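*Asks:* Residue numbers (numbering that gives the first Met the number 0), protein chains in the order written: chain L, 0 to 252; chain S, 0 to 263; chain G, 0 to 262.
Check each hint, because a few of them may be wrong.
Partial chain L-side listing against chain S, Cβ under 8 Å, derived [what the hints assert, rightly or not]:
{"hint": "1", "residue": "Ile107"}
{"hint": "2", "residue": "Leu165"}
{"hint": "3", "residue": "Ser186"}
{"hint": "4", "residue": "Ile198"}
{"hint": "5", "residue": "Ile208"}
{"hint": "6", "residue": "Tyr210"}
{"hint": "7", "residue": "Met224"}
{"hint": "8", "residue": "Leu229"}
Hints listed in this document are in silico derivations from the structure and should not be mistaken for laboratory results.
Everything numeric in this text was worked out from a predicted model, so none of it was measured.
Glycine included, each C-beta is placed from N, C-alpha and C at the ideal position.
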Amino acid sequence: MTRRHAALFVRIAILTSLVALLEIGCRLGFIDTLTVIAPSDMVASMADQIRSGDLDASIVTTFSTILIAFALAVVLGTALGALIHRFARLRDVADPLLASYYSVPTFIFYPLLVALLGLGKAPLVVLGILSATPAVVISTLSGLDSVAPVLMKLARVHRLTPARTLTWIVLPAVMPHLFTGFKLALSYALIGVIAGEFILSGTGLGYAISYAYQSFDNRAMYGVMLFVLLVAVTANGILYVWEGRLARRRSRG
Amino acid sequence: MSELSFDNTQKLSARRHFRAFDAIVVVLLMLTLWQAIGSWTQGVAVSPPLPTLVYLAGLLGTPMFWAHAAATLEAFLLAFVLSALIGLLLGLIFGIRRFAGEVAEPILAGFYTIPKVTLYPVVLLLFGLGMSAKVAFGVMHGLVPMTLFTLGAVRNLPPVLVRTARVMRLSPGRTMRWILVPACLPDIVNGLRISFSLSLLGVLIGEMFSSQRGLGFLLVNGMAQHNVRLSTAVVTVIVVIAIAANTLMLRLDRRFARRSDTAG
Amino acid sequence: MSGEAQVSLSEVVRRYDGPPVVQALGPISLDIKCGEFFSIVGPSGCGKSTLLDVVAGLVRPSSGSVRFEGKELHGEVPDGIGVVFQEDSSMPWLSVRDNVAFGLRTSGLSKQEAATRVDHAISFMGLSQFAGHYPAQLSGGMRQRVCIARTLVLKPRLILLDEPFGALDQQTRLLMGDELLRLWRETGATVLLITHALDEAAMLSDRVGVMSARPGRFIDMVETGWPRDRDSRVISDAQFGALTARLWSSLRAESLKTLGRAA
Chain L
0 MTRRHAALFV RIAILTSLVA LLEIGCRLGF IDTLTVIAPS DMVASMADQI RSGDLDASIV
60 TTFSTILIAF ALAVVLGTAL GALIHRFARL RDVADPLLAS YYSVPTFIFY PLLVALLGLG
120 KAPLVVLGIL SATPAVVIST LSGLDSVAPV LMKLARVHRL TPARTLTWIV LPAVMPHLFT
180 GFKLALSYAL IGVIAGEFIL SGTGLGYAIS YAYQSFDNRA MYGVMLFVLL VAVTANGILY
240 VWEGRLARRR SRG
Chain S
0 MSELSFDNTQ KLSARRHFRA FDAIVVVLLM LTLWQAIGSW TQGVAVSPPL PTLVYLAGLL
60 GTPMFWAHAA ATLEAFLLAF VLSALIGLLL GLIFGIRRFA GEVAEPILAG FYTIPKVTLY
120 PVVLLLFGLG MSAKVAFGVM HGLVPMTLFT LGAVRNLPPV LVRTARVMRL SPGRTMRWIL
180 VPACLPDIVN GLRISFSLSL LGVLIGEMFS SQRGLGFLLV NGMAQHNVRL STAVVTVIVV
240 IAIAANTLML RLDRRFARRS DTAG
Chain G
0 MSGEAQVSLS EVVRRYDGPP VVQALGPISL DIKCGEFFSI VGPSGCGKST LLDVVAGLVR
60 PSSGSVRFEG KELHGEVPDG IGVVFQEDSS MPWLSVRDNV AFGLRTSGLS KQEAATRVDH
120 AISFMGLSQF AGHYPAQLSG GMRQRVCIAR TLVLKPRLIL LDEPFGALDQ QTRLLMGDEL
180 LRLWRETGAT VLLITHALDE AAMLSDRVGV MSARPGRFID MVETGWPRDR DSRVISDAQF
240 GALTARLWSS LRAESLKTLG RAA
């Protein structure tokens, strides 16, 4: 068994045992089920809510908001990144801003966004964009920085047009960095939107959790929570594996 | 090749002249944008810069504000110190014990991508309302990045340094103090910087839900009472503190990075 | 084309506008004959890479003119020139085969013709076993061979190499030198090699130009007189020692100047 597989096996074993411990603890009464319910109940609750269609509206709302924010952040971030990279003066202004951006908790602007745009999709999408775009900008800049100058000389030796230089040399060269940026963008958009829904919203999965909590319906709350966590882990996991596969070809094989 | 360096030195000197000017322009632009949004919504959503600053000046004179600020500071310091120490320890363990690190890293990275806000009710149920919940929120956010950065720092240590330590027959304690820690310091400082921002974020979020004290509570309270100037003022304070702290730590980071570059 | 110079530089100067104004190169006047193997040696910073850029058309001279096959260059790379750079210019996202085929994308050749040329170049450079590999899986020497193969497929009439073997160990360098000579003979192209290694210049070239410290000018022009079918074993010839000695005696003072300046 290779080391990577061994690590995977151990990881699964540890996580499974933790879940099992939690299950046993709840069933035997060591853990107060008013606080945490048994994992099997969480799964059952999640399955029930999905099957009954109670969550359908929330799922559609949240997913659509996340995807819109993600798509806009990716387009905006890549364009901004390319622009900033092109003009050194712009870069000098942008670098310190980007370096400090994520130190400011974006969600503190969310109540102000709601006051500005009303309760609904708009402030959530904006929050998602505000959370995700800088990551894309930073990754794009990093990617463009990494294009070895010799490759640009190569383009001129082969007498490539600017368009071809972009598509045949620049784009493939920056692809790994862009992909990392997209992965982060999805991550941050998801976190931003759900956090926003949780704090101050009337719809969506985040709100569903908050509402269940405030209604003392722990069972429903944990069901939705589990669902959101599974979605987050799966989506990010897929992108992470994909990213690894892309990177493996290019680094010391 | 020499051509590139010539062109660059000339461009650099011009850029330095522009930098101060551009920085001022950016600040002015941001203030203008702030003012525009403020007046366009007639001060309902956001309070414009000048009234906010006036209100803030007044606010800084009230003991009430400082009580809240102290509450946030207390929770934050506790959360940050806990995140830093535990993160450092875990990071060192996972960095040195390679297999454990390999097992743990995807789990930690995965945790990083989860919307932790969904776990808040669990934290509230476990810790109740109040200080311990806030600190727990803070640690929940600040611990993982610190661990990951430290882990990375230890893992990326050039093996030749460890070999040098063995050739010089240094004790484990000395190896750690004289070689490992200084070599890892830049990455660790970077981790501290991220952990700082995220612990602060966690504490503030905690205050927004589960507390009657602190700047986060003040913000939400301002919203609830439709006291726009209060909420805008609190946001301003938080932004200024966050950016100031981050900039300070970046400078520190750069100093450490420079040292290790000349050594390595 | 014999007799007429393929590459002709006339009073070429390259300046950088300051402040301060720095003259990096020149004045240089040089004629390279068709099919000649010409090397340039010089101390670091003397402008030899700039000279290569000027000959390739990548850079315009501040004054003076550059002609390739009789036509003046105006800052654009003309058809028929291949360049192998000092840095590794293999594209990490393409396999060896795709890297080599890259140059033919804009050539308008049919797929079969292109494939034939690619296969020929790959086997000529001894890379057939690695055609499906990616650059990251290859050593530095092999990656440079990929870059050379990529230049080959275009059948250039002039091949420019900027310290192509600088990152390689001495033994690999000697072998690569033999490869380069084989290439030169097979393609009949003109070769301009920039190198800091005197022995490399002495053993490979028909003629060696010695450049002064910055601003680089030619202070010596050495004819080696080697036969066309030579290889690295000329190092055992007494003539080799004499050539290297002559190159160093011209170069030593210039190198000291550069060192003094750098210190």
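*Asks:* With reference to the structure, classify each hint as holding or not holding.
*Replies:* Results for each hint:
no., hint, in the structure
1, Ile107, "holds (5 Å)"
2, Leu165, "violated (21 Å)"
3, Ser186, "holds (5 Å)"
4, Ile198, "holds (7 Å)"
5, Ile208, "holds (6 Å)"
6, Tyr210, "violated (11 Å)"
7, Met224, "holds (5 Å)"
8, Leu229, "violated (10 Å)"
Checked against the numbered hints above, the structure violates hints 2, 6 and 8; every other hint is satisfied.
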